[in-house]
Amino acid sequence: MSHALAPHRELGLTDSEYEGIVERLGREPNALELAVFSLMWSEHCGYKHSKKLLGQLPTEGPWVLMGPGENAGAVDVGDGLAVAFKVESHNHPSAVEPFQGAATGVGGILRDVFAVGARPIAVLDSLRFGELDSRRSRFLFDWVVKGIGHYGNSIGVPTVGGEVYFEGPYEHNCLVNAMCVGLAPRERLIRSAAAGVGNRVVLLGARTGRDGIGGASVLASAELSDEDASKRPSVQIGDPFEESKLLECCLELLQRGTLASLQDLGAAGLSSSSSEMASKGEVGIDIDVSRVPLREAGMEPFEIMISESQERMLCVVEPERLAELTEVCGRWEVRATEIGTVTDTRRLRVFDGDDEVGDMPVEALVDDCPLYDLEPAEPPEPVYPDPPRRLGDDAQAAETLLALLGSPNVASKRFAFEQYDSIVGSRTLRRPAAADAAVLSLDHDGGSGAIAVSIDCNGRRVACDPYAGAAEAVLECAANLACVGAEPLGLTNCLNFGNPEKPHVAWQLQLAVAGLRDACLALGVPVVGGNVSLYNEGAEGPIYPTPVVGMVGKLPDPETVPGLAFADEGHAIALAGRFAPSLEGSELEKLRGRLARGLPRLDVHAVADSLVGLRAVVRAGGLATVHDVSDGGLACALAECCIAGGIGARVDLAALGGGEAAAFGEGPGGVVIAGPREAVESVEGAVVIGRVGGDSLELAGLLSVPVSELAAAHEGAIPSVVS
Amino acid sequence: MLIRPKEGILDPQGQAVEQALRALGFEGVGHVHVGRLVELDVDDPSRVPEMCERLLANPLIEDYEVVLLEEAAVS
Amino acid sequence: MLIRPKEGILDPQGQAVEQALRALGFEGVGHVHVGRLVELDVDDPSRVPEMCERLLANPLIEDYEVVLLEEAAVS
Amino acid sequence: MRFGVIRFPGSCDEIDALLACRRFADAELLWHKDRSLGGVDAVVVPGGFSYGDYLRAGAIARFSPVMESVAGFAREGGPVLGICNGFQVLCEAGLLPGALLPNASLRFVCRQVDLVVESADSPFTRACEPGDVLSVPVKHMTGRYHAPDLPDEQVVLRYAPGHNPNGSQDDIAGVCSAERNVMGLMPHPEHAVDALTGSADGGRLFESLAMVPA
Ligand SMILES: Nc1ncnc2c1ncn2[C@@H]1O[C@H](COP(=O)(O)OP(=O)(O)O)[C@@H](O)[C@H]1O
Ligand SMILES: [Mg+2]
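Chains as they are written, first to last, in this note's numbering: chain A, 1 to 723; chain B, 724 to 798; chain C, 799 to 873; chain D, 874 to 1087.
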């Protein structure tokens, strides 16, 4: 071979990893085996740099039905129902081809959820791009949104929420994380462990092509650079129609109990799905690649084993139920091909017809991936440049408020969420921008009450302070849930970080995981699943550390759920919760061109406790308006309540100490509430700060701006630059 | 400009049309591919390939072909 | 088959492409229209117009044109 | 009174339509490959992306076996309601005049809009008065209605001024056949049958249909 590098290095394996493979096989691997090992031992599949850290996260709770390790986590929501959910990244494919990258990201996370037997009922998206003055960022944002909409809208799963931030460090490495929430009768959840020696392994769905060959290892673990065209993957094209048939077909097979186990094909394709099924079931699997239906002629066995063609699932079925499987698949027009058998060898053996072309111990592939210790070190110098300065220190308060509302991080994301079908399925009780969390009814599914879902993370604050910023992401999710009266049941996360072999990235990762852990412990919320995406770096360094958090909660009575809009003239407005606002790390500081090092000390227990109180108040049903204080501080939160309600408010912040920090400072735990005076005053610890009415937002002594002007800034900012 | 899905790239539209044609009883149909057709008048045809590269076609997943029609041929 | 939006019907895609080309600095571009290209192998080409009428084009909003390539020309 | 809701591969809103119908009468799903309509009294062709909508919205679904029966049912005067993709299918099938083109914005749009009832003289709007305003969501990519010679009497619903989400000609949101027993609309009345989801106004269409003597 005329490779510049030894083939294993070309595939991203170190020399010592290669020796480990030789040792486990007792011989040199052939090309197919090397390809399979390189993928299974990649960061993406093997969690080489993150597994040890993830062990710190709390994963248990009385209502947890499936924890980390399955395709998706699942919690019990009562009435015999389970909610399964997971968030996953598709960052690099989206940077290469934003429309298809985002679309297939959604397709992939949907499969993870129906792989556990749950019907997908909601998608949320968490996106990061460079600043919108960059043409490339506008292009990526525009097409990523189209791609997410395309897949979700076409398959009939509503996209009910999400978040988007625009920050310089994402310019060369956008983030596209998608979360899916699914619902199933509890007893229908299925695990992916292959079972029953002699059972058949059947491939369902699309034909296999040369999609994403080399994707998982080369694509997900090398830093993107424009020069290196040889690493350009072949782009995967999503086919939501194929997936919609596959989804209905799999759910029917599960309902009939036809399958012994089910697994989606994601990164590393057949290699990883078959070896993981075998590993969990403590069995072996024989696969005959010559039986795999191909889309392209002349594919080699190794290509078939690692292809990442979309819209495929792998299942195990007893031989006597094959006919039933064929019948159901026929009705849904889903291709089903028997490609292998469950064995007792605990080896993954690959055949091409009668020829054996690969033979690997399952344990070596799945469990023996070398794990590395991080070598964290706090960076002596700031890691990130200051953001561009956009606002002078001497700006008047009104100008500041309008600048904040028009800052793309704070501005309305209507441009994005109107391109998503947020209501298909008839469960959506609170759509995007109607409340802090999306609310989904369980009524048609035989459940009582509703679930609430939210996804959050402010990467810039994590960059300022990885521990506090990550804890805040969890608290922010919990606050969003509390605003609609929901109690958190479980959490999923996607750790988007730079190169963990760099000490300062390792330091960010370590502190962020500690922050996640402590906030989860304070709230009593278990982590039931997640995903890790490392090596997110561009030429100018790593992205902001971005531990995206998705949370699912339950609320008893949808009738009591308030919105975030101010409702009626004369309603009293109060600030509730434990709020200690500070300008450190705030959006205002960003506009002023500053990035803090360190955030104020955070008392996660105090914030967690205050959310319990808020939840109880919301559930009691007296409040008309509840909105948590987030990016842009209290003034922006009040403005958002005004804009949503089309009504003004008169507020005096003197009771909060007044000044800039009270108006524009940020921090977890603050919540704006409004309603009839008695209802508002009955909330423990709430400080009445004003009343709803008029056509302007007035902050005594600071500013008075017509609601129409606030709305123009907030609604107009993104469309004016993107469309 | 004729813009087509690159060889080997999944073409769900083409598949759907092929199946639909079969279902309608059209036999002997194969290799159906659906692409895009962009037509324009241009003063300087030498710049058309650049237009394709930069905007009209997505070089990662599409190939393009430029067909020039003389002034007269354009109705 | 080349399938184009019927004349007189608003073609926002064509307009969008025209604007984008201008924004990229391509001058002297006009009459941009975006349509569909359907390519297929067929044993009996005489049936192609029928395919278009029944399925591939909607005569209310689209015109079509059939271009036949001989066996040899198909690579 | 029994509704039949068609299910194509790629339909998305068939369960939503079924649930909406069931608020007012019995309802069942009809499979695209079955020719029988099972004796239903009204047919709903629901929203979604039938067969992936890969060629033109609705172009492939119109050829499914069940659509032959729907055409026959419509010819005999049976009420047929096409919602969103269902509207596109009925246009492609020639059961309704006109065609639906990509939104002028070239983007998918999901938003609540106001509709004005233009005619209460149809099996679908008889529970309304002309001039009634209904709050109903739209969500589509291909909803720009185009029908050059449509007689005004066939316009059943219009988008209220300023609410046209897609550039439809004359703000037309819903039309009926000359015989008035087939109706199509881009907005989704089945997603406006419960005040908890934002509006119950869309229920008026199903209520109207349920008033038809069985
Ligand atoms: N950040 C994380 N926190 C908790 N669990 C995680 C995290 N990242 C990954 N996991 C768990 O590890 C398992 C393997 O993840 P992954 O390889 O991404 O799944 P899949 O193969 O289904 O894509 C999953 O069950 C996932 O929930
Ligand atoms: Mg999975």
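Hints in this document: simulated from the structure, not taken from any laboratory.
Don't take every hint at face value.
Facing chain C, a subset of chain D residues (Cβ under 10 Å, in silico) [to be verified]:
1) 904
2) 912
3) 936
4) 938
From chain B, some residues computed to sit far from chain C (all C-beta separations above 10 Å) [what the hints assert, rightly or not]:
5) 729
6) 754
7) 758
8) 782
9) 783
10) 784
11) 789
12) 791
All values reported here derive from a predicted model rather than from experimental measurement.
Positions of the beta carbon are idealized from the N, C-alpha and C atoms, including for glycine.
These are the hints, each one checked on the structure:
1. 904: This interface hint is violated because 22 Å lies over the 10 Å limit.
2. 912: violated, 30 Å
3. 936: Holds - the Cβ of residue 936 (chain D) comes within 10 Å of chain C, reaching about 8 Å at its closest.
4. 938: violated, 16 Å
5. 729: holds, 13 Å
6. 754: violated, 5 Å
7. 758: Violated: least Cβ distance 4 Å, not greater than 10 Å.
8. 782: holds, 15 Å
9. 783: holds, 18 Å
10. 784: holds, 15 Å
11. 789: holds, 13 Å
12. 791: holds, 14 Å
In this structure, the hints that do not hold are numbers 1, 2, 4, 6 and 7, in rising order.
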